[in-house]
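A.B. asks: The primary structure of each chain is shown beneath.
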Amino acid sequence: QKEVEQDPGPLSVPEGAIVSLNCTYSNSAFQYFMWYRQYSRKGPELLMYTYSSGNKEDGRFTAQVDKSSKYISLFIRDSQPSDSATYLCAMSGQAGTALIFGKGTTLSVSS
Amino acid sequence: DTGVSQNPRHKITKRGQNVTFRCDPISEHNRLYWYRQTLGQGPEFLTYFQNEAQLEKSRLLSDRFSAERPKGSFSTLEIQRTEQGDSAMYLCAGGQGRPEAFFGQGTRLTVV
Chain A
1 QKEVEQDPGP
11 LSVPEGAIVS
21 LNCTYSNSAF
31 QYFMWYRQYS
41 RKGPELLMYT
51 YSSGNKEDGR
61 FTAQVDKSSK
71 YISLFIRDSQ
81 PSDSATYLCA
91 MSGQAGTALI
101 FGKGTTLSVS
111 S
Chain B
1001 DTGVSQNPRH
1011 KITKRGQNVT
1021 FRCDPISEHN
1031 RLYWYRQTLG
1041 QGPEFLTYFQ
1051 NEAQLEKSRL
1061 LSDRFSAERP
1071 KGSFSTLEIQ
1081 RTEQGDSAMY
1091 LCAGGQGRPE
1101 AFFGQGTRLT
1111 VV
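So the protein sequences, as listed, match chains A and B.
Those letters in the first sequence? Residues 1 to 111, per our numbering, in order.
Those letters in the second sequence? Residues 1001 to 1112, per our numbering, in order.
Keep in mind the hints are simulated off the structure, nothing from the lab.
Be aware that a few hints might be false.
Estimated spans, in silico, between C-beta atoms of each pair [unchecked claim]:
#, chain 1, residue 1, chain 2, residue 2, range
1, B, Ser1073, A, Ser28, 29 to 39 Å
2, A, Arg41, B, Thr1013, 25 to 35 Å
3, A, Glu15, B, Ser1062, 36 to 46 Å
4, A, Ser53, B, Asp1001, 47 to 57 Å
5, B, Ser1062, A, Lys2, 14 to 24 Å
Ideal placement from N, C-alpha and C gives every residue a C-beta, glycine not left out.
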């Protein structure tokens, strides 16, 4: 079992839809959780950072962490064609140590 | 723009040749990471520096790979005797204080 599991998709939604992206993990020591967006042939771009359990909102994006279930989510409201990208979850146990990534979920938003 | 610059952006090399990539983070980034990413996969951790000290290396990292960060500024990643399986995107990321890492645009390596 990989440390971080993420459904690669692809996920296709119409413009304006609410998108839910998820990751599960096995290492209970993980306490820092991040979501990155990656466009084709570009480096990953940090979207959201969350420490421990709880919710965090930033504009159209909401990140949720449920440490008891070892499950994290990213919600995108009012999705736009420009949101079409690969979304990567990443996590680490201690600040500064290696981030462990999921495989990424490819999202396509059609206009 | 994360301020992390990687050069070159693309590199094509023949199997068996040595290649070197460079990463220039911003001056505030005391942490520096190297990752490798292949098509359809998430970034895979290679190695990590805190200032000039290499603190962690992946067990998957072949001894053909070596990285340096002299004076805690820029970093280089060298691959010796390249193999076709080394073809990938090599990503550098910097960080400071909090756990987030900020990535450069990557160097795409093709071994022919």
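A.B. asks: So, for every hint listed, does it hold in this structure?
C.D. replies: Structure-based check of all given hints:
no. : hint                            : verdict
1   : B/Ser1073 - A/Ser28: 29 to 39 Å : 36 Å, holds
2   : A/Arg41 - B/Thr1013: 25 to 35 Å : 19 Å, violated
3   : A/Glu15 - B/Ser1062: 36 to 46 Å : 45 Å, holds
4   : A/Ser53 - B/Asp1001: 47 to 57 Å : 32 Å, violated
5   : B/Ser1062 - A/Lys2: 14 to 24 Å  : 21 Å, holds
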